Structures are given as structure tokens and as C-alpha cells.
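Colleague: Each chain, written out:
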Amino acid sequence: MDLKTVLNWGSEIIFCLCGLVSFNAAWRGLQNEKCRIGTFAFWTILGLIFILGPYLPYALTGALLLVLGCLTAAKQVQMGKFVPSEAAFRKAQADKLGNKIFLPAITIGVVALVLSMLKFSGSSPVISFPLVWGLIPAAVLIVWAGLKFVGAKKLEAQAARKAQRQAGQLAIAGVILAVVTFILSQLQFTVAEGGVSFPSALAIGLASILAYLIGVAITRPKFADTRDDTARLLMTVGAASLLPQLLGALGSVFTEAGVGAVISGIMANVVPQGSIVLGVIVYVAGMVLFTMVMGNAFAAFSVITVGIGVPFVILQGGDPAIVGALGMTAGFCGTLMTPMAANFNIVPAAVLETKDKYTVIKAQLPMALVMIAVHVILMLVLAF
Amino acid sequence: MEYLKLIGILIIVVGFALKWDVIAVVLISGLVTGLVSGLNFIQILEIMGKSFVDNRLMSIFLISFPAIALIERYGMKERAAELIGKIKNATAGKVLSIYMVVRILASVMSIRLGGHVQFVRPLILPMSEAAGQTAIKKPLNEKQRERIKGLAAAVENYGNFFGQNIFLGNSGVLLIQGTLAAAGYEVTLGSIAQASIPVGIVVTLFTIIQVLLADRKLKKEVQA
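Protein sequences appear in the order of chains A and B. Its first residue numbered 1, the first sequence is counted upward by one per residue in the numbering used here. Its first residue numbered 1, the second sequence is counted upward by one per residue in the numbering used here.
What the hints contain is simulated information worked out from the structure, not anything from laboratory work. Everything numeric in this text was worked out from a predicted model, so none of it was measured. Errors might be hidden in some of the hints.
According to the in silico footprint, chain B covers these stretches of chain A (three or more CB under 8 Å from chain B) [said to hold, decoys possible]:
id: 1; stretch: 12-18
id: 2; stretch: 283-289
Not the full set, but computed from the structure, chain B residues with beta-carbon under 7 Å of chain A [as the list claims (entries may be wrong)]:
id: 3; residue: V13
id: 4; residue: V14
id: 5; residue: L18
id: 6; residue: N40
id: 7; residue: E46
id: 8; residue: I47
id: 9; residue: A67
id: 10; residue: T134
id: 11; residue: K137
id: 12; residue: P198
BS3-like, lysine-lysine: derived pairs with alpha carbons at most 30 Å apart [as the list claims (entries may be wrong)]:
id: 13; chain 1: A; residue 1: K91; chain 2: B; residue 2: K77
id: 14; chain 1: A; residue 1: K96; chain 2: A; residue 2: K154
id: 15; chain 1: A; residue 1: K4; chain 2: B; residue 2: K50
id: 16; chain 1: A; residue 1: K96; chain 2: A; residue 2: K34
id: 17; chain 1: A; residue 1: K355; chain 2: B; residue 2: K50
id: 18; chain 1: B; residue 1: K220; chain 2: B; residue 2: K143
id: 19; chain 1: B; residue 1: K50; chain 2: B; residue 2: K19
id: 20; chain 1: B; residue 1: K138; chain 2: B; residue 2: K220
id: 21; chain 1: B; residue 1: K19; chain 2: A; residue 2: K355
id: 22; chain 1: A; residue 1: K362; chain 2: B; residue 2: K217
id: 23; chain 1: A; residue 1: K4; chain 2: B; residue 2: K86
id: 24; chain 1: A; residue 1: K96; chain 2: B; residue 2: K77
id: 25; chain 1: B; residue 1: K94; chain 2: A; residue 2: K91
id: 26; chain 1: B; residue 1: K138; chain 2: A; residue 2: K362
id: 27; chain 1: B; residue 1: K220; chain 2: A; residue 2: K81
id: 28; chain 1: B; residue 1: K19; chain 2: B; residue 2: K219
id: 29; chain 1: A; residue 1: K357; chain 2: B; residue 2: K50
id: 30; chain 1: B; residue 1: K138; chain 2: A; residue 2: K75
id: 31; chain 1: B; residue 1: K77; chain 2: A; residue 2: K362
id: 32; chain 1: A; residue 1: K355; chain 2: B; residue 2: K217
id: 33; chain 1: A; residue 1: K34; chain 2: B; residue 2: K219
id: 34; chain 1: B; residue 1: K219; chain 2: B; residue 2: K143
id: 35; chain 1: A; residue 1: K91; chain 2: B; residue 2: K219
id: 36; chain 1: A; residue 1: K362; chain 2: B; residue 2: K220
Each residue gets a CB set at the ideal place from its N, CA and C atoms; glycine is no exception.
I would like the entire structure built from these sequences, with the hints used as guidance.
Modeller: Right, dumping it as C-alpha cells:
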């Protein structure tokens with residue numbers, strides 16, 4: 001079996017799960033007070049694109065995007081009404097669980113990081129899953145279950161039954177892990193020349209699933225509550241959750257249409273060729289100004305990086321990853337200074353009941369200006 | 001008319017400025033740019049559809065929602081609040097410094113700690129104001145409260161903006177990778193996340209300086 005194909009299938013399964021999260025919001029939308037059909041349609045279509053995206057004709061997906069746009073433009077996608085969890089319940093759980101509650105959150109970050117750093121390289125073109133990776137954790141689980149079972153005898157009847165049940169569950173988990181590991185270790189994967197890296201989607205997906213399972217083990221929640229909360233989270237982010245992906249799509253149209261070439265053509269008349277310092281300053285300033293005008297660094301990034309960043313910084317020898325990373329955060333300096341980024345600067349002022357609606361921007365202004373200078377310096381020092 | 005191709009940018013700028021529906025504005029911008037550049041309608045749909053599917057990774061955060069929903073219901077924010085509450089000899093500047101460090105680390109690990117509504121207003125602002133009052137041993141006047149409000153909101157933004165790209169699954173990192181790939185440069189998510197670390201460190205240091213300077217200003221006003 002080709003390892004890359006297998007890992008890509010893994011990624012597709014993760015995207016299917018993302019689709020299910022979207023379907024969950026769609027189903028919850030049917031219980032909305034208003035815009036039931038629109039909300040249901042929006043999240044259903046999004047879920048379908050997630051799951052069937054690679055198999056549908058791209059033009060059809062494009063047309064579905066237009067449908068999504070019509071639904072949001074007509075304000076047919078709405079947040080449902082949710083009963084918030086009780087503050088007293090959350091407080092009691094926080095006291096009971098202590099710092100254990102951070103475990104799932106940390107798992108997402110750390111496991112995703114570790115997995116995405118894995119690279120299967122071809123010292124031999126055929127590799128198998130190392131048996132010990134799964135057998136050691138499986139052995140730990142089974143030994144833990146055994147200790148729990150033995151320890152249960154000292155407890156009173158009710159606590160003992162609970163401990164025995166938990167021991168049984170741990171043992172089952174251990175056995176399943178061992179069997180899965182054994183099956184995996186019997187498969188032989190072929191690795192293409194140059195090695196195969198672990199796909200990001202699969203890394204983040206597996207980390208999230210593991211975090212969820214740990215969370216379930218710690219808290220023993222009602223599944224209906226989790227479904228409801230998940231729908232609430234997605235509906236709170238709302239249609240804006242599409243924005244990064246759509247801006248990516250817009251960037252592709254811009255590239256195809258040659259928009260970047262036009263901008264760099266204009267800039268070429270303004271910026272003298274061959275000056276790295278000027279190129280960096282113009283790129284950083286372009287990101288800041290465009291973000292201030294658009295109120296969104298993501299939107300500015302695709303346009304300004306293709307139009308200015310590539311021809312005036314990267315083509316002069318700048319490291320693409322460093323230039324890109326600093327270009328984006330340079331845009332964030334613009335976000336700090338603009339009322340256009342209302343959700344970060346104007347809404348919070350209202351939330352904190354300030355006298356002046358620009359209080360937040362005023363507090364951020366000195367930092368933004370200093371950080372712009374820092375970005376120019378860092379880009380010159382690190383990228384060249 | 002090469003410059004006509006820039007009309008898409010104009011549509012974005014005007015549309016965002018006038019607070020039109022962002023999804024519709026982006027789609028219209030793409031359609032119009034494609035049409036004036038000589039692409040036909042079906043071609044534009046194909047380009048957008050393909051790119052949207054290729055970029056599904058940018059919305060991978062959906063998969064983390066069940067886990068996050070779970071820990072929020074079981075008191076994760078409340079526990080974090082308690083940890084911050086344990087600080088001794090607090091001043092507004094110290095509370096905000098610690099929040100900055102916690103916030104940027106949370107953002108690095110992609111933990112949705114809060115935001116202005118869920119965390120700053122109910123927790124960080126009251127704690128900063130209380131700490132400020134204790135430190136100068138008298139009630140804050142309106143100007144001083146306004147200043148602390150501005151800083152509390154600002155720290156939330158600093159931590160959020162400049163920490164998020166250090167997490168390699170962040171949609172910003174994915175957008176950077178996607179944009180560079182479209183321009184012909186293949187870079188790893190890890191290298192982008194790594195390149196975002198220096199800015200995160202610098203902004204944390206400057207934030208601590210900014211809030212401690214505010215502490216000093218507060219003290220001077222009392223002595224004067």
C-alpha cells in the first residue's frame with residue numbers, strides 16, 4: 001500500500017467528520033425560531049462540500065458557493081436560541097476537576113504539533129508501523145486496569161463497583177489498542193522517494209479526536225449537551241467561518257486574472273528595483289495600509305503578497321516562509337489601528353463601556369507603530 | 001484596460017467599508033474580476049470551486065469544536081480565572097502582564113480562552129481595576145478607568161493576533177501556505193509557525209513594558 005494514499009484517505013475521513021459537525025449545526029438550525037430553511041440549507045451545503053468536495057465537478061461546487069452567498073446576503077442564516085450552561089454547574093465542575101480540564105486543550109496543541117512534525121523518509125522504500133508504539137500504551141492501560149481492579153477490593157460496595165467498571169473499560173481500551181496496533185504492524189507501506197510527511201488535516205483531526213475522548217473520559221458528559229454546544233460554537237462563528245477559504249478562492253481568481261501582475265506593474269513604477277530595504281518597507285507598509293482599509297489582514301494578504309511581497313521581497317532572495325509569516329503579522333499591526341476591524345476595536349469598546357469608542361484603538365496605536373518598525377527590521381534580518 | 005482588473009479590490013474595499021455581507025462581497029469580487037479579465041462564468045466557478053475544496057484545510061478547526069464545547073461546559077474558563085486570581089501583590093500592570101503571557105500561550109496552543117465578551121469584561125477588567133485601586137489605595141477616577149479599559153482590550157488583541165500564527169494549524173498559517181503555494185513557493189506549515197515566534201516574543205515584552213509604564217503613570221498621578 002502506498003503510504004501517501006493511505007494518509008490522504010485519512011485526511012478525507014477527517015474532512016468527512018468536519019462535514020458531520022456542519023450537518024449537526026444544520027440539524028440544530030431546524031429548531032431555530034427564524035430562518036429555519038435558510039440556516040439548514042447553508043450548513044448542509046457546507047457539510048456536503050466538505051465531504052464530497054473532491055468528487056463533485058468543481059463548477060458545481062462553485063455554483064453551491066454562490067448559493068451560500070445568496071443565503072447570507074439575504075440574511076437567511078441565523079443563530080439559534082440556546083440555553084447556556086449554568087454558571088453554578090461550571091463553577092462546581094471547575095472545582096471538582098481542577099487543572100485536569102486543561103488536558104484536552106493541551107492535547108489538541110501538542111499532539112497536532114508532534115504528529116505534523118513526523119516525516120516518513122525512505123531509508124528503505126517499505127515501512128511498517130512499529131509495534132511497540134501501540135503495545136507500550138496498551139500495556140500501560142491494561143496494567144492500570146489490573147491495579148484498579150485489585151485496589152477496588154478495599155473500597156465500599158458502591159465505589160468498588162464503579163472502580164471495577166472503570167477497570168473493565170480501561171482493559172477493553174487496552175486490548176483494542178493492542179489489536180489495532182498489531183493489524184497496522186502487519187501492513188506494509190511503500191514510501192515514495194523524498195519521503196512522506198504527515199498531512200496537517202490528519203494531524204489536527206487525530207489530535208482533536210484524542211482530545212475529545214480524553215474530555216469524555218474526564219467529564220462523562222451527556223452527548224446531547226456536547227452536540228448542542230458544538231452547534232452553538234459553529235453558529236456563533238457563523239458564515240464568517242467560510243471567509244478564509246473564500247478569500248483563498250478569491251486569491252486564485254486574482255492569480256488567474258493576473259491582478260498581482262497589474263499591482264506589481266504599478267509598484268514597479270514607484271519602487272526602484274534592486275533595493276531590498278525599500279522592497280521590505282513597501283511590502284510591510286502595503287500590508288498595514290491595505291489591512292486598515294479592508295479591516296481584514298487575510299483579505300489584504302492574498303492581494304499584497306502576490307502583488308508586492310513576491311516580486312519585491314521574495315524574488316530578491318527573501319525566505320518565502322519568513323516573509324509570508326511576517327507579512328501576515330504586519331497586517332495585524334494595521335488591524336490594531338483601524339475602526340474597520342470593528343469586532344476587535346469598536347465592539348470591545350462598547351462591551352467594556354468606554355466613554356470614547358476609540359479608546360481601544362488609542363491604547364493600541366503606540367504598540368502598532370513600534371511593531372511596524374519591528375517587522376521591517378525582523379524581515380530584513382531574518383529573511384535575508 | 002489592465003487596470004480594470006483591479007475592480008475586484010475596489011469591490012472588496014467598498015463592500016467591507018459599507019458593511020455589506022462579507023461572503024457575498026468576496027464572491028461578487030471574484031466573479032467581476034474574472035469576467036473583466038476574459039474568463040467565462042463556468043471557468044470562474046471552476047476556479048473558485050477547486051480552490052475552495054483544495055483549501056478545506058483552512059476550516060479544519062471545525063473538528064476541534066466538540067472537544068472545546070466539552071471543556072467549556074465543564075468549567076475550563078472558570079478554572080483559568082481561579083489561577084489568575086492567585087497572584088500576590090497585584091497591580092493593574094501585573095494582572096495584565098500575566099494575562100498577556102497566558103493569552104499568547106493559549107493562542108499558541110489554539111485554546112479559545114475567551115475574548116472581550118467572555119473573558120476581559122467579566123474577569124480581566126474587574127481584576128485589573130481592583131488591583132489598580134488596591135495599589136494606589138484609593139478609587140480610580142474616570143480617566144484612569146478609561147485607560148485600564150483600553151489596555152485590557154488591547155492586551156486581548158495583542159495576545160490573540162501575534163500568538164495565533166505560532167500554532168501551525170491556524171487558519172492564518174494555512175492561508176500563508178496556500179497563497180505562497182499558488183505563487184509557486186512550497187513551504188511547510190512548521191516553518192511559517194516558527195517564523196512567527198520572534199514577533200510573539202517581542203510583542204509580549206513590549207506589552208509588559210506598556211502596562212508597567214501605565215502602572216507608573218498611575219502611581220505618579222497619586223503622588224502629584
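Colleague: Hint by hint, which ones does this structure get wrong, listed from lowest number up?
Modeller: 2, 4, 5, 6, 10, 11, 16, 17, 23, 27, 28, 29, 30, 33, 35
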